[in-house]
Amino acid sequence: MTDTGIGASVKRVEDARFLTGRGSYTDDLEQPNQTYAYILRSPHAHAAITKLDVSAAKAAPGVVAVFTGEDMQVGSIPCGWQVNSKDGEPMKEPEHPPLAKGKVRYVGDQIAVVIAESLAEAKAAAEAIEVDYDIQPAVVDMNKALAGGTLVHDDAPNNLCYDWEIGDAAEVDAAFANAHHISKIDIVNNRVVPNAMEPRAAVGAYDKASGEYTLYTTSQNPHVIRLLMGAFVLQIPEHKLRVVAPDVGGGFGSKIYHYAEEAIVTWAAPKVGRPVKWTAERTESFLTDAHGRDHITHAELALDENGKFLGLKVDTIANMGGYLSTFAPCVPTYLYATLLAGVYTTPLIHANVRAVFTNTTPVDAYRGAGRPEAAYLLERLVDRAAREMGIAQDEIRKRNFIPSDAFPYQTPVALQYDSGDYMATLEKAQGMADVAGFPARKAASEAKGKLRGLGYSTYVEACGIAPSAVVGSLGARAGLFESANVRVNPTGSVTVFTGSHSHGQGHETTFAQLVSDTLGLPLDQIEISHGDTNKVAFGMGTYGSRSLAVGGEALMKAMNKVIDKSKKIAAHVLEAAEADIEFKDGKFTVSGTDKEMAFGEVALTAYVPHNFPHETLEPGLEEQAFYDPMNFTYPGGCHIVEVEIDPDTGVTTIEKVSACDDVGRVINPMIVAGQTHGGLAQGIGQAMLEGCVYDDDGQLITGSYMDYTMPRADDLPSFDTDTAVTLCAHNSLGVKGVGETGAIGSPPAVINAIVDALSGLGVTDMTMPATPEKVWQAIQDAKMPMAAE
Amino acid sequence: MPTVSMTVNGQAVTGDIEARTLLVEYLRENLRLTGTHVGCDTSQCGACVVHVDGKSVKACTMLAAQAEGSDVLTIEGLADGDDLHPMQEAFRNNHGLQCGFCTPGMVMSAVDLLNHNKNPSEGEIREWLEGNICRCTGYHNIVKSIQEAATKM
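For the record, the sequence lines run as chains A and B. If you read the first sequence in numbering that gives the first Met the number 0, its first letter stands for residue 0, the second for the next number, and so on. If you read the second sequence in numbering that gives the first Met the number 0, its first letter stands for residue 0, the second for the next number, and so on.
A couple of the hints might just be wrong.
[Claimed, not checked] Computed beta-carbon distance windows for the label pairs: (1) B:67 / A:272: 34 to 44 Å; (2) A:55 / B:120: 34 to 44 Å; (3) B:81 / A:57: 48 to 58 Å; (4) B:120 / A:443: 16 to 26 Å; (5) A:55 / B:67: 49 to 59 Å; (6) B:11 / A:21: 20 to 30 Å; (7) A:387 / B:152: 31 to 41 Å; (8) A:719 / B:130: 24 to 34 Å; (9) A:719 / B:126: 18 to 28 Å; (10) B:126 / A:238: 47 to 57 Å; (11) B:126 / A:122: 15 to 25 Å.
[Said to hold, decoys possible] If we take Cβ atoms under 10 Å as the criterion, some of the chain A residues that face chain B in the derived model are: (12) 15; (13) 22; (14) 29; (15) 194; (16) 195; (17) 676.
[As the list claims (entries may be wrong)] DSBU-like cross-link-like pairs, simulated, lysine-lysine; straight-line CA separation at most 30 Å: (18) B:117 / A:655; (19) A:655 / A:449; (20) B:143 / A:10; (21) B:143 / A:655; (22) A:10 / B:117; (23) A:782 / A:655; (24) A:10 / A:586; (25) B:143 / A:441; (26) A:50 / A:10; (27) A:91 / A:57; (28) A:270 / A:449; (29) A:427 / B:143; (30) A:655 / B:151; (31) B:151 / A:10; (32) A:427 / A:441.
Think of the hints as simulated: they come from the structure by calculation, not from any bench. We put the beta carbon where it would ideally sit given N, CA and C, even for glycine.
Whole structure, please, built from the sequences with the hints as guidance.
This is the structure we're talking about:
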């Protein structure tokens with residue numbers, strides 16, 4: 000291992016600009032002669048627009064233009080994934096216009112855009128727009144939505160998007176008939192707001208001379224936006240549409256999707272003949288960034304007399320919100336139900352998932368996307384089964400783990416796990432958590448009137464998204480490969496163009512480490528370029544912890560092509576057979592001799608090919624590769640959380656978080672730990688603090704940082720994180736992914752710990768977020784069982 | 000239009016502004032110092048923290064006119080030429096930042112903490128950062144960064 004190669008905690012390349020205020024985020028960009036857009040949004044969750052008069056706004060000071068849905072006759076915002084119901088019917092896919100046409104379906108839905116010389120003038124003019132609404136009842140509750148009555152979309156009866164299943168219900172029922180014990184649970188996976196710290200922003204520009212449009216946007220995947228917006232919404236050919244996602248301040252899924260504002264500013268730019276800039280206020284982010292989670296589930300687990308799992312039945316309702324966001328349909332199906340085997344050998348599983356429209360913000364993938372919902376359900380249910388059967392929390396898991404020698408392991412819900420060692424991560428986490436010392440700590444807490452609990456979560460997830468053939472067969476309307484281009488410059492430095500996109504993950508460092516390790520170059524000779532469709536050949540972007548497992552593999556493949564070509568050049572110059580050329584430590588050597596060429600010499604020769612045999616050797620040294628993975632990758636691990644609860648106030652303090660994850664080969668341990676910390680914070684946030692609240696009229700009550708509880712520094716402890724690695728079996732680097740593990744593993748560990756702490760009082764359930772009020776109420780109810788009944 | 004004059008990162012600046020202009024708008028739009036960020040509209044997130052006359056303030060919650068005659072320090076002015084401030088260096092050493100959006104406010108706030116308290120405990124650091132939200136790091140490495148900076152400042 001070199002100090003800049005694979006396995007080194009290299010300090011991040013990108014930090015220098017971020018730490019000195021020289022980052023370049025979308026809102027930091029200023030185009031010459033730019034205008035400012037303000038979007039008038041619906042204050043109602045469900046209403047027909049009976050009058051929309053923008054004439055006064057058009058005449059207001061500084062206003063350049065005002066557009067409505069009637070002006071903007073463009074395509075519907077598309078959905079990227081089709082899920083079919085179990086009867087074979089395609090999901091309901093209602094029209095989604097960028098600016099509303101006659102009807103609004105959630106608070107925040109776009110009605111009109113005002114473009115002005117300044118943002119203040121645009122906002123002031125928006126107040127002069129006259130809108131009359133015929134307010135209709137809002138559909139907010141998922142169960143009520145499925146009962147029919149008010150429809151969010153007239154073409155979706157009972158507000159049902161799809162009714163999907165996986166597994167054989169009859170076989171599972173038979174397993175339940177033979178069960179020694181059945182544990183049941185009702186779970187709500189609370190709706191959360193991703194809340195990347197950088198609000199979304201978009202700048203549209205049009206160059207009349209070239210006919211080229213440019214969109215600068217806060218995106219995790221600029222090529223995907225170019226495809227969705229260009230091909231489906233605005234019908235702009237790709238060679239005339241450039242999408243740039245510069246520095247992006249966090250995404251967590253929320254910046255994957257194609258949003259209306261991107262289409263609006265791009266469409267409007269040639270109309271007003273000037274660049275158009277829009278930046279969300281935080282309240283707009285709360286209202287319009289796709290939310291996450293929001294499932295209601297009933298599940299039952301059948302066990303034999305030894306606590307072995309015999310079968311699992313799951314019935315889930317998943318909220319889609321008012322429209323289908325880009326990936327929304329696949330989250331509660333192929334990213335959720337396929338993970339319901341978890342780390343266990345449960346032989347028979349059936350899951351039914353109904354996706355439902357409501358008059359709320361669209362819901363889509365948020366850090367973990369489906370896998371946190373699966374892990375939360377399973378780990379809560381396993382915890383409950385252990386308590387009901389009197390088996391220790393670690394013991395019930397050990398009895399059911401897929402053994403480390405059983406890989407590749409085919410689950411009953413489609414996925415084939417390639418590698419893992421769940422016993423190893425469990426045992427290492429137990430050591431980190433000092434589980435052996437827990438009884439003494441619990442006694443010490445009790446001596447001062449406090450309650451103490453320990454909660455486990457042993458999880459697996461599927462990421463490195465994804466084999467195109469597999470996802471294509473499951474309804475994805477895109478391939479999920481990745482591209483990389485390695486340009487070796489004449490003096491031997493390397494520029495990499497990757498289709499992955501960094502919005503905090505540190506690709507400029509990690510990917511440079513791959514190059515340094517493979518080509519033997521110092522970091523200052525390597526540039527990682529991403530985020531611009533005019534520079535990068537193609538890219539599916541960064542989400543689903545796919546950057547290294549897919550983008551990194553594409554980079555390795557391109558570098559191998561560079562090495563192959565370089566060997567040809569070296570063989571020619573050194574007058575040796577190509578097969579005799581070895582590449583090691585940045586040098587090409589004729590094996591068994593002292594004849595060698597440095598990497599830089601080969602590069603220069605490639606661009607100064609004075610005596611190349613041109614019929615067999617092209618000048619130049621630049622290679623492109625596309626990589627489509629063979630399988631998902633399957634990170635897994637064990638998170639153990641210890642809490643202390645003050646029964647007088649319900650305040651829960653997280654005393655210790657121990658997370659041992661198997662993320663595959665670690666390229667940069669410092670960055671891996673950082674990713675884990677961030678995921679843990681979001682998972683703990685969901686478990687203890689965060690939650691969207693809508694009132695019955697569909698108003699988002701938690702629409703600002705005053706109302707929505709973001710985890711702050713004093714809400715969280717320091718974390719104890721480590722890895723216990725098994726290598727991915729189907730990619731060359733052996734990498735699995737770390738972006739989402741923290742958010743997947745931690746919520747059930749937190750809630751199981753709280754339930755454990757309260758179990759002595761007879762409490763068996765706790766919902767997320769476990770606020771002090773809820774915990775206190777659970778304690779009061781337990782103290783007064785008669786009153787609770 | 001009123002005129003406002005102040006010192007920003009050691010340079011005297013004067014500008015004609017609308018009276019309602021916030022300090023953060025003046026910095027970002029008039030002076031093009033875009034290192035100071037806007038992450039919310041309720042003075043909660045702290046991405047806009049700068050120093051005014053040596054104290055950390057949220058630049059979204061102060062009119063530019065209120066900074067008349069003041070000495071303003073932004074993230075762009077913290078380093079000494081090419082030499083990072085010890086706090087910036089500590090954030091880099093400890094991976095105290097990921098997407099970088101909250102970072103300028105976080106660093107400016109942390110510098111002010113150490114100006115007040117040379118050797119804060121972990122609890123004091125976490126309490127001080129209550130007004131700065133980070134969604135990436137879980138604060139773990141931010142706390143470590145500040146602890147390291149405390150040994151160097």
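How the hints compare with the structure:
The hint said 34 to 44 Å for the Cβ distance between residue 67 (chain B) and residue 272 (chain A), and at roughly 38 Å that hint holds. The supplied range of 34 to 44 Å is broken by residue 55 (chain A) and residue 120 (chain B), whose beta-carbon atoms lie about 58 Å from each other. Take residue 81 (chain B) and residue 57 (chain A): their Cβ atoms lie about 51 Å apart, and the range 48 to 58 Å holds. Between residue 120 (chain B) and residue 443 (chain A) the beta carbon distance is about 22 Å. The supplied range of 16 to 26 Å therefore holds.
Take residue 55 (chain A) and residue 67 (chain B): their Cβ atoms lie about 36 Å apart, and the range 49 to 59 Å is violated. Residue 11 (chain B) and residue 21 (chain A) have their C-beta atoms about 23 Å apart, which keeps the hinted 20 to 30 Å range intact. Judged by the Cβ atoms, the range 31 to 41 Å given for residue 387 (chain A) and residue 152 (chain B) is violated: they are separated by roughly 55 Å. Residue 719 (chain A) and residue 130 (chain B) have their C-beta atoms about 27 Å apart, which keeps the hinted 24 to 34 Å range intact.
The supplied range of 18 to 28 Å is met by residue 719 (chain A) and residue 126 (chain B), whose beta-carbon atoms lie about 22 Å from each other. Between residue 126 (chain B) and residue 238 (chain A), the C-beta spacing of about 54 Å keeps the proposed range 47 to 57 Å intact. In this structure the hint that residue 126 (chain B) and residue 122 (chain A) lie 15 to 25 Å apart at CB is violated, the actual value being about 36 Å. For residue 15 (chain A), the suggested interface contact is upheld, since its CB lies about 7 Å from the closest CB of chain B, less than 10 Å.
For residue 22 (chain A), the suggested interface contact is upheld, since its CB lies about 5 Å from the closest CB of chain B, less than 10 Å. A distance limit of 10 Å between C-beta atoms decides the matter here; for residue 29 (chain A) the minimum to chain B is near 7 Å, and the interface restraint holds. Annotation: residue 194 (chain A) was flagged as interfacial toward chain B, and the flag holds, the nearest CB pair being 6 Å apart, inside 10 Å. For residue 195 (chain A), the interface hint holds, the least distance from its beta-carbon to any beta-carbon of chain B being 6 Å, beneath 10 Å.
A hinted interface residue such as residue 676 (chain A) counts as satisfied when its beta carbon comes closer than 10 Å to some beta carbon of chain B; here the least separation is about 4 Å, so the hint holds. In summary, the hint linking residue 117 (chain B) to residue 655 (chain A) is supported, as the alpha carbons are separated by about 27 Å, within the 30 Å threshold. At roughly 16 Å between alpha-carbon atoms, residue 655 (chain A) and residue 449 (chain A) fall within 30 Å of each other, so this suggested pair holds. With a CA separation close to 15 Å, the supplied pair residue 143 (chain B) and residue 10 (chain A) stays within the 30 Å bound.
For the hint pairing residue 143 (chain B) with residue 655 (chain A), the CA-to-CA distance comes to about 17 Å; that is within 30 Å, so the pair holds. Distance hint between residue 10 (chain A) and residue 117 (chain B) is fulfilled; the C-alpha atoms sit about 26 Å from each other, no more than 30 Å. For the hint pairing residue 782 (chain A) with residue 655 (chain A), the CA-to-CA distance comes to about 27 Å; that is within 30 Å, so the pair holds. With a C-alpha separation of about 26 Å, the suggested pairing of residue 10 (chain A) with residue 586 (chain A) holds against the 30 Å cut-off.
Proposed proximity of residue 143 (chain B) and residue 441 (chain A) is supported: the alpha carbons are some 29 Å apart, at most 30 Å. Only pairs whose Cα atoms come within 30 Å are accepted, and residue 50 (chain A) paired with residue 10 (chain A) is rejected, the gap being roughly 57 Å. Restraint check for residue 91 (chain A) and residue 57 (chain A): the C-alpha separation of about 37 Å exceeds 30 Å, so the hint is violated. A distance of roughly 65 Å separates the Cα atoms of residue 270 (chain A) and residue 449 (chain A); the hinted pair therefore is violated under the 30 Å criterion.
For the hint linking residue 427 (chain A) to residue 143 (chain B), the alpha-carbon distance of about 24 Å falls within 30 Å, and the restraint holds. In summary, the hint linking residue 655 (chain A) to residue 151 (chain B) is supported, as the alpha carbons are separated by about 29 Å, within the 30 Å threshold. Proximity of residue 151 (chain B) to residue 10 (chain A) is assessed by CA-CA distance (about 19 Å); at most 30 Å being required, the pair is judged to hold. Between residue 427 (chain A) and residue 441 (chain A) the alpha-carbon distance is near 21 Å, which keeps this suggested pair within the 30 Å criterion.
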